[in-house]
Every structure is written in structure tokens, then in C-alpha cells.
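Q: Chain A is already provided as a structure; the job is to place chain B on it using the hints.
So the protein sequences, as listed, match chains A and B.
The first sequence begins at 9 in the numbering used here and counts up one residue at a time.
The second sequence begins at 9 in the numbering used here and counts up one residue at a time.
The set of hints was computed from the structure by calculation and includes no laboratory data.
Do not rely on the hints blindly, as some may be mistaken.
[Unchecked claim] Computed footprint of chain B on chain A; a stretch qualifies when at least three of its residues, placed anywhere within it, have a C-beta under 8 Å from a C-beta of chain B:
1) 94–104
2) 128–139
3) 158–168
4) 224–233
5) 290–303
[Stated by the list, open to error] Below, computed lysine to aspartate or glutamate pairings styled on EDC-like, alpha-carbon distance capped at 20 Å:
6) B:Lys187 x A:Glu188
7) B:Lys58 x B:Glu26
8) A:Lys221 x A:Glu188
9) A:Lys187 x B:Glu41
10) A:Lys187 x B:Glu40
11) B:Lys58 x B:Asp32
12) B:Lys269 x B:Asp212
13) B:Lys221 x B:Glu286
14) B:Lys117 x B:Glu40
15) B:Lys17 x B:Glu29
16) A:Lys283 x A:Asp299
17) A:Lys258 x B:Glu120
18) B:Lys258 x A:Glu120
19) B:Lys221 x B:Glu120
20) B:Lys187 x A:Glu41
21) A:Lys17 x A:Glu29
22) B:Lys58 x B:Asp28
23) A:Lys221 x A:Glu184
Computed from a predicted structure; not experimentally measured.
Just so it is clear, CB atoms sit at the ideal spot from N, CA and C, and this is done for glycine as well.
2 protein chains.
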Amino acid sequence: MVPEKYDLKTFLRASAKEVDEELDRLLPPAHEEPYVLHEAIRHSIFAGGKRFRPALVFAVGEALGADRARLVTYAAAVEMIHTYSLIHDDLPAMDDDNLRRGVPTCHVKFGEATAILAGDVLQALAFKIVAADERLSSETRVRLITDLAVAAGTPTGMAAGQQMDLSSEGIEISAELLKEIHQKKTGAMIAASARAGAVIARTDKATQDKVAKFAEMLGLLYQITDDLLDVTQTTDVLGKTAGKDESVEKATYPSIYGIEKSRELAGDVYSQAIKELELINNSELLKSIADYVLHRTF
Amino acid sequence: MVPEKYDLKTFLRASAKEVDEELDRLLPPAHEEPYVLHEAIRHSIFAGGKRFRPALVFAVGEALGADRARLVTYAAAVEMIHTYSLIHDDLPAMDDDNLRRGVPTCHVKFGEATAILAGDVLQALAFKIVAADERLSSETRVRLITDLAVAAGTPTGMAAGQQMDLSSEGIEISAELLKEIHQKKTGAMIAASARAGAVIARTDKATQDKVAKFAEMLGLLYQITDDLLDVTQTTDVLGKTAGKDESVEKATYPSIYGIEKSRELAGDVYSQAIKELELINNSELLKSIADYVLHRTF
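Chain A extracted, bound-state conformation (with noise of 0.2 Å):
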């Protein structure tokens, strides 16, 4: 249970500590052959994160009774592949970024190849860790490690949402199809991190669902103050390319709703995502996590 005065900043910062011990523990030492791989890994893993999915499968999982001890492997699990897809996404071939949280990307220091097969092998890695997890049923592995893959993967998941933003660079699309991009790009893999918290903790699907939706809810609401930031922060505070959104004619929230209108939208979708946890209890967590993805653009 999520200690009653535990605020959120102290929380976030316990369950990044949590995870990166957990990353580290599990990842291939960078001194084992072949190293460059295994550097390049570690190099993407821990160059400063945010940690938001693991926070999310912590939260939720949390508010609905599980151990911490029973979220951590899972929670690391799900960042090996966010990880792995921003390595892969910042490639020359897609997104061509030379800067991911204020460090160099991948390829930038250790070349395309070693980057791809980085991203591949955490990937890998990933239902590795949840497959051996001895703290789950194995019942409650299958589950998660599907769940995950279909995250992860094509029509619905996220592979699927790169491959449309990708294919949509350059030409104008409806606010729909950009909704559904972002859904499939980021937000199934935040509402399976939400999922997996309450699957662990062994509640109704009903629960599950209201937490899933929850936070696809929170994905769409990152998105839309992403591409808020990406307008209206500098490089230097972004610790990415700033307005490279623009650079590549990509359609954001602001290039077809302006401004104002994205931050209105933004409100909308906050007051959505915070419906779905009436019924939870304990939710006070999550419905500050919401706040912060809100405000930290404003």
C-alpha cells in the first residue's frame, strides 16, 4: 500500500531508484563479452530516464494491494522496452535524433548496427525477465508477456503507431488518425504498464480496465504536452532537439489545433482520465500523476 503521505515526488524518485537497481541487477555486465553491446545498452538504459512506466506499474499496482516486491521485475521489464524503442525510433532510418535526454543516442556513440541490435536484444531481455519471474504464477506471467507483446507490436501496439507517424511525416492528416498514432505509439504500452499493475495485484477485469483506460487516458494527455513542450521549450531544457517536430513537418497537437487549443484539449482529456478512477480506491497517487503530466507544461 502507498504510504498516505507520500507525495509524488519522493514516490517517483523511490521507484526510479527501485527500478534502476532492479535494470542494473539484470541487465549483461558491461564487462562480458561482447562489450560493446552490452555499454551500448547500459549507455541507453541509464542515460536519465524519467522512469514513467515503471512509476505507473508501481502506482497502480500499489493502490490495488501488491508487494513492490512483485511490480519490480515487470516494471523493468517494461522499460527495457520503451528503451529499446526509443533507440530503434532514433535511427537514421526513422527519426534520425542525435540527442535523447540531453546525452548522444545510441548510434551516435557506438554505431547503427551495434544500436540496432541493442534495441533488439532488450527487447528480448524484457520477456525474458517477466518469463523467469519466480514471484508470478506462471499463469500471471503468460498473461503480462502477451499483454506485453501486443503492446509492443502490430495492429494495435506500438510498432504499429511508429510505423504510421512514420508514413504520415510530411503529408497533413485528421486530428483522428493523429489521435490513433499516439494511442498505438505511446499509449497501449502506458495503459499495458497500468494493466500489468493491477494483474499482479490479481483484480477483476473490471478494475483492470478502468486503470488501462486510465492511463491511455494519461498517454494521450503526455503526448499532447509533448508536443506542447516541443514548440514552446528550448533544446537545452527539452535535453532533446527542440522544434524538430516542425523541422519535419510532423503533425503535432499544436500544428493542427494551435496552441491554446492543444492546451484546452489537454484539460479535456485530464478530466476523462481522472473519471476512470472514481471507483479505484487509493487512487490519490495516480490522480497526481495525472496533475504533473498535465501542469508541467503550463
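A: Chain B in isolation, oriented as in the chain A frame:
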């Protein structure tokens, strides 16, 4: 059980047909969005692969008493992992191949970004279909997923081997290192395929180890004969660019040992493989697979 008069060609043809039907059933439909990604996946999966790994799953599993219905989904999964690795290995940043199995490689036909995503998706889908295979117990599924992920990953699996292979291009390497690279790059997945057949057949650990060791030797044999084919055959016969290894100064068995010594070595490895089968019942088909791999170069 394998019918006694089942000859190797009939067996290989039948298992290829069966796994192809399963792949077709499990892959995302080409007429569903994102089309280009799904077309790319199907292009590479149905580009005329020999289905060697699925055949090994069937051959081992059936020899040890498993129903084909319980083997076919895993067989499809292992082919998905194999195909994903080919798609990524063929990329310009990796081996830069334009032709594979006589048809254009994925990135040549669909672009690099889509090829990267097609590989990523195939890996996720492979784990998903095993996790969701209700013909197997949850315990068996988590065991298979763990082994498969280890075989695909690092430090002992396929991605580690590919990294070490790339790192050794253009430099002279020892025969020991070459063997280690091959064991990781191709041997690990081939061994996992055979072991999975034994796991699904619910045999004891000793039998699982024996068939995995047999398959590892078989994989090494396959690699030696593959290297030999690269120097002795034409592009037309191979369906991929011949003489490619030499042109990129890649270490191969012929380049280290010469052609005659490599053929001798192939014979030794064949004998080691066969020795592992001594205490396995119904292993005639497995032996004939080894015969086939040995003799394809002579």
C-alpha cells in the same frame, strides 16, 4: 510419432507446409493498417525460407512423443525470430545484403525504417504466440519463452553472435573465436528449437540436453557447410550473393582452414552430433537431417 517410412524430403515438405499455414494464421493480415508494415513482414516470412528450425522442432518433438498440434505454434515462433534476425542482419548498417533467398531483402523493397520495424514486430509476435498458446501449460510456456529469449539475446545468444561477427570483420580471428561466434549466432537458436521439442514432449532434463547438444553440433555443421557453399557455388544457385564473405573479409571456415580441411571438420562435427543421439529412441529422422546438412556441399 514419426511414421517409419517417412522419408526426409516428405517430412521437410510437410513440416514447411504446416508451419507456413500457422504463420499465415498468426501474422497480421496484409489488408489491415499499417499495410506497408504487414506486407513487409509477410514478404520476408514467405520469401522461400527452408523452415529448418521448425523442422527441427517437429522432428525432435515427434521423435519424443509430442503431438504436432502442440509443436506448431512454437515452430512458427522460432521461424519469426529467425526471420526478424535475417531482416535486421541484411540492413545496410549490418551485412548490407540486397538479395536473400533469391528475392529483394526487406529494406530494399520496403525501406529501412519499415524493415527495422518489421523485425521488431516479428520478435514481439514470436513471444506473444508462445505466451498465448493454450495447448501448452503455463509452466511450459514460460520455460519456452525464457529459453527462446536467452537464445535470441546476449551474452550467449544470437544477437551477441551477430555483434561479435560484425566486430571481427576485417580482422584476423582465431578458430576458437570463430566457433564461439557461430555457436552464438546460429547454434543457440538451433539448439533452442531442438530443446523446445523435448520440453513440449515433457522429457527429462538429460534428454533435453542431449537433443540440444545434437542441434548445436548440427548448427555448427550447417555453418561450416554454409561457408563452403559461399565459396563453391554461384549466386544463382545460392539465391543470395555468392563470394560475399570473402569480399567483406569475413572470417569463415574455408578462410581459416581451407576447403579440404573444412570438409574434414564438417565430418568430425557430424560424428559428434550423431553421438548425442545414441540413447534417443526414434532418432532416425534426426540422423537423416544431419546427413542432409553434411552432404549438401559435396
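Q: Can you give the numbers of the hints that this structure goes against, from lowest to highest?
A: Violated hints (numbers, rising): 4, 5, 6, 12, 19; every other hint is consistent with the structure.
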